[in-house]
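Visitor: Okay, here's what each chain looks like letter by letter:
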Amino acid sequence: MLKGKLKFIIAIAIIALTVGYLVYGGVKDTMVYYLTVQELRAQVPTVYDSRVRVSGTVVPGTIVKDNKGSLEFQITDGAETIDVQYEGIIPDIFADDVEAVVEGVYAKNDVFEADTLLAKCPTKYESTDSLYENKETSY
Amino acid sequence: MDTIVILIITALVALYIALPFFLRKKDYINKTVESLRSINEVDRLTSLNNQKETLYSAIRDIDFDYGLGKLSKDDYEELNNKYRDEAASVLKEIDEYQKLEEQSGSLTPDQKLEQEISSYRKISTSSKSDDVLLEEEISAFRSANQASLTSDKCSKCGAECNAEDMFCSKCGAELNK
Amino acid sequence: MVETGSISIFLAFVISIYVLAASVYGVKTRKWDFVRSAENGAIAVFFLLLIATIALVHSLINLDFSLKYVALNTSTDLATIYRFTSLWAGQAGSLLLWCLVLSIYTAIVVLQSRNRDRELMPYVLATLATVSIFFIGVITFVESPFEKLPFTPLEGRGLNPILQNAYMAIHPITLYFGYVGVTVPFAFGMGALLSGKLGDAWIRYSRKWALFAWTFLSVGLLLGARWAYLELGWGGYWAWDPVENAAFMPWLAATAFIHSVMIQEKKGMLKKWNMSLIIITFFLSIFGTFITRSGIISSVHSFAQSDIGPLFLAFIAFILLFSFAMFLYRMKDLETENRFDSILSRESAFIFNNLLFLGAAFAVFLGTIFPILSEALTGDKILVGPPYFNRVNVPIALVLILLMGVGPLISWRKASLKNLARNFLSPVLLGILTVIILLALGMRDVVALISFALCAFVTGTVFTEFFRGTRVRMKRGENFLSAFLRLVSRNKRRYGGYIVHIGVVLIVIGVTASSVFVTEKQATLNKGESMELRNYSLRFDGIEQYTTDAKNATIAHLTLFEGGKEVDTIAPEKNIYKYEGNREINQETEVALRSTFKDDLYIILSGFNPDGTVTIRAMINPLVNWIWAGGIVLLLGAIVTMWPSGKKRSEQAFVRYTVREQDATLNA
Numbered sequence: 006m007l008k009g010k011l012k013f014i015i016a017i018a019i020i021a022l023t024v025g026y027l028v029y030g031g032v033k034d035t036m037v038y039y040l041t042v043q044e045l046r047a048q049v050p051t052v053y054d055s056r057v058r059v060s061g062t063v064v065p066g067t068i069v070k071d072n073k074g075s076l077e078f079q080i081t082d083g084a085e086t087i088d089v090q091y092e093g094i095i096p097d098i099f100a101d102d103v104e105a106v107v108e109g110v111y112a113k114n115d116v117f118e119a120d121t122l123l124a125k126c127p128t129k130y131e132s133t134d135s136l137y138e139n140k141e142t143s144y
Numbered sequence: 053m054d055t056i057v058i059l060i061i062t063a064l065v066a067l068y069i070a071l072p073f074f075l076r077k078k079d080y081i082n083k084t085v086e087s088l089r090s091i092n093e094v095d096r097l098t099s100l101n102n103q104k105e106t107l108y109s110a111i112r113d114i115d116f117d118y119g120l121g122k123l124s125k126d127d128y129e130e131l132n133n134k135y136r137d138e139a140a141s142v143l144k145e146i147d148e149y150q151k152l153e154e155q156s157g158s159l160t161p162d163q164k165l166e167q168e169i170s171s172y173r174k175i176s177t178s179s180k181s182d183d184v185l186l187e188e189e190i191s192a193f194r195s196a197n198q199a200s201l202t203s204d205k206c207s208k209c210g211a212e213c214n215a216e217d218m219f220c221s222k223c224g225a226e227l228n229k
Numbered sequence: 167m168v169e170t171g172s173i174s175i176f177l178a179f180v181i182s183i184y185v186l187a188a189s190v191y192g193v194k195t196r197k198w199d200f201v202r203s204a205e206n207g208a209i210a211v212f213f214l215l216l217i218a219t220i221a222l223v224h225s226l227i228n229l230d231f232s233l234k235y236v237a238l239n240t241s242t243d244l245a246t247i248y249r250f251t252s253l254w255a256g257q258a259g260s261l262l263l264w265c266l267v268l269s270i271y272t273a274i275v276v277l278q279s280r281n282r283d284r285e286l287m288p289y290v291l292a293t294l295a296t297v298s299i300f301f302i303g304v305i306t307f308v309e310s311p312f313e314k315l316p317f318t319p320l321e322g323r324g325l326n327p328i329l330q331n332a333y334m335a336i337h338p339i340t341l342y343f344g345y346v347g348v349t350v351p352f353a354f355g356m357g358a359l360l361s362g363k364l365g366d367a368w369i370r371y372s373r374k375w376a377l378f379a380w381t382f383l384s385v386g387l388l389l390g391a392r393w394a395y396l397e398l399g400w401g402g403y404w405a406w407d408p409v410e411n412a413a414f415m416p417w418l419a420a421t422a423f424i425h426s427v428m429i430q431e432k433k434g435m436l437k438k439w440n441m442s443l444i445i446i447t448f449f450l451s452i453f454g455t456f457i458t459r460s461g462i463i464s465s466v467h468s469f470a471q472s473d474i475g476p477l478f479l480a481f482i483a484f485i486l487l488f489s490f491a492m493f494l495y496r497m498k499d500l501e502t503e504n505r506f507d508s509i510l511s512r513e514s515a516f517i518f519n520n521l522l523f524l525g526a527a528f529a530v531f532l533g534t535i536f537p538i539l540s541e542a543l544t545g546d547k548i549l550v551g552p553p554y555f556n557r558v559n560v561p562i563a564l565v566l567i568l569l570m571g572v573g574p575l576i577s578w579r580k581a582s583l584k585n586l587a588r589n590f591l592s593p594v595l596l597g598i599l600t601v602i603i604l605l606a607l608g609m610r611d612v613v614a615l616i617s618f619a620l621c622a623f624v625t626g627t628v629f630t631e632f633f634r635g636t637r638v639r640m641k642r643g644e645n646f647l648s649a650f651l652r653l654v655s656r657n658k659r660r661y662g663g664y665i666v667h668i669g670v671v672l673i674v675i676g677v678t679a680s681s682v683f684v685t686e687k688q689a690t691l692n693k694g695e696s697m698e699l700r701n702y703s704l705r706f707d708g709i710e711q712y713t714t715d716a717k718n719a720t721i722a723h724l725t726l727f728e729g730g731k732e733v734d735t736i737a738p739e740k741n742i743y744k745y746e747g748n749r750e751i752n753q754e755t756e757v758a759l760r761s762t763f764k765d766d767l768y769i770i771l772s773g774f775n776p777d778g779t780v781t782i783r784a785m786i787n788p789l790v791n792w793i794w795a796g797g798i799v800l801l802l803g804a805i806v807t808m809w810p811s812g813k814k815r816s817e818q819a820f821v822r823y824t825v826r827e828q829d830a831t832l833n834a
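Chains as they are written, first to last, in my numbering: chain A, 6 to 144; chain B, 53 to 229; chain C, 167 to 834.
Among the hints, erroneous ones may be present.
[Claimed, not checked] What follows is a set of in silico ranges between Cβ atoms, one per label pair, in the way DEER data are often shown:
hint, chain 1, residue 1, chain 2, residue 2, range
1, C, Leu-605, A, Thr-86, 52 to 60 Å
2, C, Ile-538, B, Phe-74, 25 to 33 Å
3, A, Asp-34, C, Leu-759, 29 to 37 Å
4, A, Glu-85, C, Pro-552, 27 to 35 Å
Hints in this document: simulated from the structure, not taken from any laboratory.
Beta carbons are placed, not taken as given, at the ideal position from N, Cα and C, and that holds for glycine.
If we strip away everything but chain A, and leave its shape as in the complex, we get (with noise of 0.2 Å):
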């Protein structure tokens, strides 16, 4: 009976050792540090050519997109402002003054080549600020 219950402890050890290694594994080799604009930009000659994800805010009026699909623009934290550089699918709520989270790396010119754009709704809270302007008058 001892033999049997080793058996079950030994299997019950690898399935927890692999999903362990799995785990560590996984974090190790796809994790992206998470900045804001000032953040990297304070890192600058060690971020250059690393994964990292970046968010910040669109600053209004720079976003250019040219016929192929690519995309220009700038994105702040009020501190630092740096380009982006992105192709791919623009998700339908990215606009002026939205907060916008890109992942790439960080190209010496000090322009982020973005492989993801993620684009975040610009209220965080259920805000009644805008609902003043539909005030009713006659109230």
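Mind docking chains B and C on chain A? Use the hints.
Guide: Leaving out everything else, chains B and C in the frame of chain A:
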């Protein structure tokens, strides 16, 4: 409008929740369980019946698995004996409960219901001994599966094979069907 | 109406507290009239929440903009059906729905078991009441759906156009039924721990409810995936987004539970394991609600966020502490009745299945909270993206599929080599044959080959099971059809489960093909120009633009050729909603989808230019329809499994017998 509706709703809800307390005067709920037998016994009986069902389905399962060749003959017999032993002890316990009831006699004041209950008892326990009853119940559903369990002998090497098999499990010769 | 609604919620809150107190007091002191009264209270809570929901729906449909919730989620141009579905578009409405669904379940539990398991049920009711108190408390005091605005706006903020979709209308509610459904088996587990009635009663109830919740979770996940596929316009259906993971984690844990519970039922083993699993499942479901609603982890999906996060966190901590404390307290009563006989047995296949599901749940959980974890530990916010989830989960999934094929054919307790060879020969051959055929057809992707081979293997084992079972019955003189039907109806759980497995196989085939063999191309076309994609060709015929009350739509007309022959016309759209400003999204890409069982042609109009050219992104996603078909098969299988069986005579007689006796004294 709203105020009236709210008042009505509140009153109805309060009434509904308080209902069991008013009915308490007739003392019905407390009597129900306490006077019959303790609720533990009701639970125990429910649990025994469930165990019985589980064991029956386990026996049906291994019968079927054996028929499909998923169980070896030795394992099948061992498991079958084990489950049948367990089923026997469960049935015995159920019967003890029911005997207890019969002895205590004046359980239900209502004549009509008394009749109905005792007629059920006749079907289920009648006057047979525990073992006869168990044998009957277990063999009843076993016989249904019997067809698939007869074993054949291989014409070539004489090994015992399942009737299900097309080929002998020992020598591989085709079995005559 | 509004007053009635908000007072109803408040009453429901008060009565839930009463239900908790009365049921515990009643069972402790054996004053059963208190338990009765608590049960009535639970049903009253259902009616009160129903009234509140009707009141809110009434306000939504009649666009009573004096309510904050209505003003935030509807607008005058919204179709009536979407005014109704905006009930679950925002935070407060969703929470109200959560409470309503929980109260429906509670009422069903009460009605189903009024006269049974009298020691256990009051505690189950108390647990359900505790969860209700929390959620109703949140909508009473923090996020009231009946909150008034200080003024009445003329126009509401409107419903996000990407939520105006049939799938979006039913997908959240399906998931809710699943999410909330997990509460019930948890309540039975807690009831068992609190009452000490750790026999088989709780596990029987829990199994049924867990299966029910699991079915809703599965269907809800698939509907969500289909919505994302049709509406989000990036060509995929699953992105390992935190909100998707939030629903996926309880699904994983629930899947483990509905498998391991069989071992406890049949063998009296794994009692501690099952108890922990159901606690974990419930924790993950509440945690899922928490990450969706709190915005603590950034996601593109989370629509309504607010500051109820800390409240949820406190509630989660309370649940975990309390339930594991109870678990430790009852530990000695959860000893196993049997032990494992052999590593080569169905029992151990179940154990491995459980470990893998839990391992997957853990990996997803870790990946989801990784940004928070890393920020807390190192100060840096580190993300793990879809590659992480794929790398970890794909191998686990492949082993699980293997087990799905092995499990049914391996015998309980101990499998012999002879038995293995006999049972597995043809399914294994089928798997190998699949690999050979696919290699011959030129497929070289290793993961895909393994996946398809395993799928063939599982299909082989399941069909062997059906075939052999039917043959055994046919030997007894039944014809094929009746033998088959009786086989299934006599053991619905087993064969229903196999049907579910077939559904899963179809889903796996679809997921494998559509994630490994995608062809994608983007091109800018002049009128009359064509783009080539595999053996398809798309010719751009021109743009059409029109305006409706709500939007400016641009349609690109394309003609599809397959192997040189004209087969179809395709028209992807891009809509710009006129009524901007207050909406979060004013632009919407309407995907044109040409779907067959072989592949999906997925066409997006990514842009149109003043010079008359359009930019078209086209994808060929093979076998995507198999995923949805698999979902239907899975649902059918689950229905077969849950289909109520005609009660056996003995059981029926027994039930009547005890119930009659109780009634007899009731009437006396």
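Visitor: Going through the numbered hints above, which ones does this structure break? Give me the numbers in ascending order.
Guide: 2
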